Amino acid sequence: MGVVHGEEMVLNIGPQHPATHGVLRLQVRTDGEVVSKITPYMGYLHRCFEKHCENVTYEQVIPFTDRCDYLASMSMNFGYVVAMERLMDIKVNERVEYIRIIMAELQRIASHLLCTGVFGLDLGAFTPFLWALRDRERILDLFELTCGARLLYNYMWVGGLSHDLPVGFVESTFKFLDYFEPKIDELENILAHNKILVERSADIGVMPKDIAISYGVTGPNLRASGVKWDLRKDDPYSIYDRFEFDVPIGQGLKGTVGDCWDRFYVRILEIRESVKIVRQALASIPKDGDVHQSLPKKIRPPKGSVYARTETPRGDLGYYIESDGSPIPYRLKMRSPAFTALSVLDEIGGGWLLSDVLAILGSLDIVLGEIDR
Amino acid sequence: MTVDYIFEGLNQMFSGFTGNEIFLIIAILLPCVGCFIFIALYGLVAIYAELKVSSFIHDKTGPMGQGVGLHAGKWGLLQPVADAIKLILKEDIIPSSADRPLYILAPFIIFIGAFVSFVAIPFGEKVIVADMNIGIFYILGIGSLAVIAIILAGWSSNNKWALYGGMRSAAQIVSYEIPAGISLVVVIMLTSSLSMQEIIGYQSGGMFGWILFDNPFMPIAFVIYFISALAETNRTPFDLPESESELVAGFVTEYSGMRYAFFFLSEYANMFVVSAVAVTAFLGGWQSPFPNFLNTSGWSVFWMMSKISLLIFVMIWIRFTVPRLRVDQLMHLCWKVFIPIGLFNVFGVAIWIIVRG
Amino acid sequence: MVKYFTDIFTATTTILGGMVLTFKHLIRAKQDIVTLQYPEERWPRPERDIGFEYSSYNSIRSRLHVDMDDCIGCLKCERACPVDCIKIETEKAPNRGEDIKDIKHVGITSNGTKKAMVVTRFDIDMSECCYCNLCTYPCPEECIFMTGGPNESKHSIDYEFSEPDRTDLIYHFAKPGSKNGMTKMLNQKGKEE
Amino acid sequence: MTENQQKLIDELVNKGLDGDMDAVNAHQDRMVRAKAKSMIMKIQKGILKRPPLKKISPEEVPNGDIVQNQEKKENKQESTSAKVVRKLLEKFPNEIENEEFDSHIQLKPDKWFEIATWLKSEPELFFDSLQCQMGIDVQDDILESRYNLHSMKHNHYVELRIAVSRSNAKIPSVEKIWRVADWFERETYDMLGIEYIGHSDLRRILLPDDWEGWPLRKDYQEQETYHGIIVPKMKEGWE
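Protein chains in written order, with the working numbering: chain E, 1 to 373; chain S, 1 to 357; chain R, 1 to 193; chain Y, 1 to 239.
These are computed hints drawn from the structure, not numbers from a lab. Being a predicted model, the structure only gives us computed values, none of them experimental. Cβ atoms here follow ideal geometry from the backbone N, Cα and C, with glycine treated the same way. Warning: the hint list may mix true and false statements.
[As the list claims (entries may be wrong)] Listed next, the in silico BS3-like pairs over lysine-lysine satisfying Cα-Cα at most 30 Å (straight line): (1) R/30 - E/175; (2) E/254 - R/3; (3) Y/108 - E/228; (4) Y/218 - E/297; (5) Y/176 - E/51; (6) Y/153 - E/209; (7) E/303 - Y/176; (8) Y/15 - E/233; (9) R/87 - E/254; (10) R/114 - S/60; (11) E/209 - Y/218; (12) E/298 - R/76; (13) R/24 - E/298; (14) R/87 - E/298; (15) S/60 - E/175; (16) E/37 - Y/176; (17) Y/83 - E/228; (18) E/37 - Y/120; (19) E/297 - R/24.
[What the hints assert, rightly or not] Derived DEER-like restraints, expressed as beta-carbon distance ranges: (20) E/302 - R/101: 44 to 54 Å; (21) E/11 - R/2: 38 to 48 Å; (22) Y/124 - E/327: 39 to 49 Å; (23) Y/29 - E/137: 32 to 42 Å; (24) S/130 - E/181: 39 to 49 Å.
[Said to hold, decoys possible] To spell it out: a stretch of chain E is covered by chain R in this simulated footprint if at least three of its residues, at any positions, have a beta carbon under 8 Å from a beta carbon of chain R; those stretches are: (25) 53-60; (26) 186-194.
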């Protein structure tokens with residue numbers, strides 16, 4: 001029996017569509033429900049980040065990095081300050097490193113919570129989304145306690161932090177983690193093993209290893225394809241080499257390695273690992289140390305360039321900073337992980353049903369702020 | 001039945017008059033108006049219940065308010081009223097490229113489909129608008145009217161999402177008619193009647209007289225019917241026609257205001273109808289669950305309503321637990337799971353009846 | 001065939017498991033609810049005991065406020081702002097550190113600095129402010145800050161400051177009439193000379 | 001600024017220097033006029049060289065004109081760079097332009113595609129991942145395309161730079177080697193106007209299709225109007 005082909009229809013998903021996670025437009029060619037070609041159009045959220053950076057001083061870039069990936073602003077700050085400190089050869093003290101890692105890992109939990117919740121929402125399960133948001137709020141409370149802001153922090157500075165931890169932060173974070181750990185199980189029970197979700201996501205949108213690497217896909221998406229690659233382990237920046245944690249990879253428990261379910265489940269496992277790191281960091285954080293100790297008086301990096309990568313919740317975030325010796329960056333390029341993750345959509349999304357395409361899009365965990373910059 | 005009562009009552013009251021035809025029309029219109037008011041009120045209650053149940057599942061409070069003012073009343077009781085007022089006052093937009101007559105017609109057809117089904121629902125021992133001898137068959141037949149309306153809505157909106165929603169819905173409702181029908185056939189085999197009242201009458205004598213517990217095949221039939229009913233009313237996990245994260249809003253994408261409200265209302269009305277059929281066929285209808293406990297004609301309405309409410313609650317509960325199926329999985333579930341098992345069930349019940357005599 | 005039935009079985013058990021979980025939340029709703037009734041109840045601002053000497057730098061992110069009596073017009077905040085939402089204009093004061101009664105100009109700040117400048121314009125466009133707090137750090141007199149936090153006693157907490165018109169979000173902090181007053185004064189001075 | 005405008009300015013400057021200032025003053029486009037005048041000033045002061053008289057077609061620009069980037073900096077990937085250079089010199093002798101390879105390797109654009117293929121397939125190097133590709137407008141009329149390559153297998157890293165002149169901003173596309181380069185190159189094209197030869201779908205990616213100019217070039221001028229709407233320079237009620 002041959003395959004019946006009907007007339008192809010061009011369908012615009014977005015820019016305003018509930019499943020595009022922002023303002024993304026996917027132009028898909030569909031034959032009935034089967035999608036044959038996906039062409040993403042982005043730029044609706046383009047805020048000229050790189051052009052802006054060429055007009056402001058180095059410290060003024062930090063608020064803009066916040067706004068790139070608004071779901072993981074701490075990680076974006078972290079990447080930038082790591083790059084700047086490498087360029088200027090600044091060594092920050094222990095306490096700062098510990099605080100940065102606690103913040104980055106809490107941010108990873110928050111971001112992954114949102115991603116898993118939204119993935120459920122894309123597949124029609126509304127409840128886990130709100131449960132995830134409820135716990136994310138508590139993390140945001142911790143951030144608010146620390147730096148006064150809930151979403152866009154401007155917390156990490158080149159050579160230090162804007163504030164020290166408030167009194168009682170360590171205790172309240174421990175309290176949060178104790179509360180939070182059973183909630184991960186809850187999230188896993190209602191979503192990950194639900195038969196309908198497994199049917200919807202297992203074996204769907206399989207991303208093989210070589211495709212993932214060739215497309216520059218990084219972070220949880222790459223690990224779900226079975227590549228054990230995590231910058232925190234493989235190219236440790238800051239003090240990540242001091243902590244014990246596993247790098248979860250996709251094993252194809254419910255289907256093939258690298259399918260939507262793996263991408264989703266790797267994130268749940270990573271939440272657990274991040275909880276581990278936060279616990280270790282909280283236990284061993286040095287009591288003293290001035291967070292403003294190594295703040296440079298004026299940020300005037302030497303002439304030269306640096307490319308520094310850090311592991312954000314969405315993958316390898318690279319900052320390429322070209323300095324001409326003035327207090328203003330000559331050129332600043334952000335290599336955003338979601339940008340490359342979205343580019344793979346056409347490759348792995350063709351040939352699936354419309355509902356699957358949106359599930360694949362959800363499992364890639366893109367943030368349009370970071371793609372468009 | 002109710003029509004007959006009113007007709008006779010009117011005739012007795014105004015025995016001097018000879019305008020029997022007018023009395024008949026009044027006797028027919030009155031229950032219809034009653035049904036309409038009932039649907040509207042029930043819709044408000046159901047919306048409120050859905051808001052509250054979902055909120056509690058989500059660890060939220062749902063609609064709340066401290067006073068009348070701008071708030072939604074005590075515990076947010078006025079929220080559905082506010083919703084209704086909003087929908088009525090909203091601008092009614094008809095897309096310029098829409099097929100105007102069909103676009104306008106669709107919400108009415110879907111509402112008529114839901115509304116007319118109420119005629120055959122036995123609310124109580126004596127409260128039924130028309131006790132037809134083919135009641136259950138009638139409801140199944142009228143229920144399919146929704147397909148036409150949804151296709152009309154999807155097609156006439158001239159919107160690709162709406163079209164997808166309409167097409168999905170047509171396939172879905174037409175398919176799920178079959179397992180629903182098959183599981184009701186089992187009931188009809190037992191009771192050897194299509195009349196709603198007679199089916200209920202068969203199930204007298206407390207909880208264990210219910211068809212659900214009549215023989216081991218019946219729970220399967222009930223589950224199949226209930227899930228198919230979910231699919232027929234487009235509830236999650238079968239809400240593909242209007243799956244909000246895929247098709248924006250499916251076949252209602254272009255509708256707004258009162259027309260949208262009609263779709264909304266008829267979805268809730270359909271939920272009520274399918275629950276009523278499930279209660280009638282499997283859960284003893286208006287019979288009390290205990291043989292001699294409040295088993296009077298007056299309490300029968302209470303029992304019927306509480307059973308229907310329970311089923312509607314379960315529908316809401318399921319909606320906020322599970323993700324949505326995919327189109328092909330939906331069809332797989334229907335044709336490869338429910339229909340074989342349903343047919344097997346029919347066979348089993350037939351043997352059961354023969355063996356038991 | 002075995003897979004067929006195991007699939008049905010797992011589907012039933014996992015879905016029932018999920019339903020049990022949601023039902024637990026439903027009946028525990030009283031303890032678990034996290035919603036606040038916003039206009040009546042407000043999210044408690046976390047108590048912030050920063051616990052180190054930078055306590056004067058508040059870590060609140062709310063609307064900016066300027067103590068004009070302390071402002072010396074050094075333009076540091078204007079330069080620090082990444083979005084250029086602060087606009088300052090100054091005039092040279094006739095006598096350094098002297099009060100000018102006509103325009104309510106205070107000559108000496110609370111830190112004891114003698115002012116050399118009269119700030120005739122200090123506008124902050126809060127609709128453009130990105131709440132990065134960068135302007136508050138370089139201020140030598142600590143006169144620009146976000147309200148709330150350690151300065152809470154001076155200013156009430158406010159986190160909803162909507163305005164009907166966009167231009168209302170441009171806050172004018174300079175003393176009213178200071179610009180006209182200064183020009184008048186300078187003109188007079190010019191005439192006298 | 002488009003190539004045409006640049007050419008126009010060059011022409012005007014030459015005319016002006018030859019004494020025909022009227023031609024400059026009579027020009028319609030204000031921006032071009034201003035640019036040309038400022039250029040004439042600079043040339044008279046001796047800051048700039050006089051633009052070539054002849055209109056040169058893009059193909060004629062010799063690669064030897066490319067001025068290298070001089071920054072040298074201590075880098076951890078020194079050994080990798082050295083290794084790459086050693087192997088590269090064996091295979092493609094005349095392609096490297098810089099002398100010290102501490103931070104990066106400067107390549108000529110011509111054989112870039114072959115080099116890239118080789119870099120990915122060479123078992124000892126095996127750069128299977130293109131981490132980052134970016135474009136930069138270095139001074140003196142040079143645009144650079146920089147590639148940060150990384151090998152997942154060997155966990156090493158190298159930075160390659162390819163410089164082209166503005167008038168002949170053409171670099172072979174490596175889209176087919178590292179698929180991620182598809183979008184990266186589109187972005188660089190979008191922002192700097194470097195043309196990637198052999199790219200299957202070279203469109204603007206972040207900016208609208210009808211955007212004028214290359215925003216990240218240092219001489220970029222904002223559009224005066226966009227779709228007939230005047231672009232506001234200063235917000236209302238502010239100045």
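Given the hinted pair residue 298 of chain E and residue 76 of chain R, is their alpha-carbon gap at most 30 Å?
-> holds, 14 Å
With a cut-off of 30 Å on the C-alpha distance, tell me whether residue 87 of chain R and residue 298 of chain E pass.
-> Holds - the C-alpha atoms of residue 298 of chain E and residue 87 of chain R are around 23 Å apart, at most 30 Å.
Is the straight-line distance between the alpha-carbon of residue 108 of chain Y and that of residue 228 of chain E 30 Å or less?
-> violated, 35 Å
Given the hint that residue 24 of chain R pairs with residue 298 of chain E, test it: the Cα-Cα distance must not exceed 30 Å.
-> Since the Cα atoms of residue 24 of chain R and residue 298 of chain E sit roughly 57 Å apart, the hinted pair is violated (cutoff 30 Å).
With a Cβ-Cβ cutoff of 8 Å, does the segment 186-194 of chain E contain at least three residues near chain R?
-> holds (count 5)
Given the proposed pairing of residue 37 of chain E with residue 176 of chain Y, does the C-alpha separation stay at or below 30 Å?
-> holds, 19 Å
Verify the proposed pairing of residue 297 of chain E with residue 24 of chain R, using a straight-line Cα cut of 30 Å.
-> Roughly 56 Å separates the two Cα atoms, so the pair is violated.
Holds or violated: are the alpha carbons of residue 218 of chain Y and residue 297 of chain E at most 30 Å from each other?
-> holds, 28 Å
Can you let me know if the beta-carbon spacing of residue 302 of chain E and residue 101 of chain R is within 44 to 54 Å?
-> Given a distance of about 52 Å, which is inside 44 to 54 Å, the answer is holds.
Is residue 83 of chain Y within 30 Å of residue 228 of chain E, Cα to Cα?
-> holds, 26 Å
Regarding the pair residue 303 of chain E and residue 176 of chain Y, is the alpha-carbon distance no greater than 30 Å?
-> violated, 34 Å
When you check the alpha-carbon spacing of residue 114 of chain R and residue 60 of chain S, does it fall within 30 Å?
-> This hinted pair is violated, its Cα atoms lying about 56 Å apart.
Checked against the numbered hints above, the structure violates hints 3, 7, 8, 9, 10, 11, 13, 19, 23 and 24; every other hint is satisfied.
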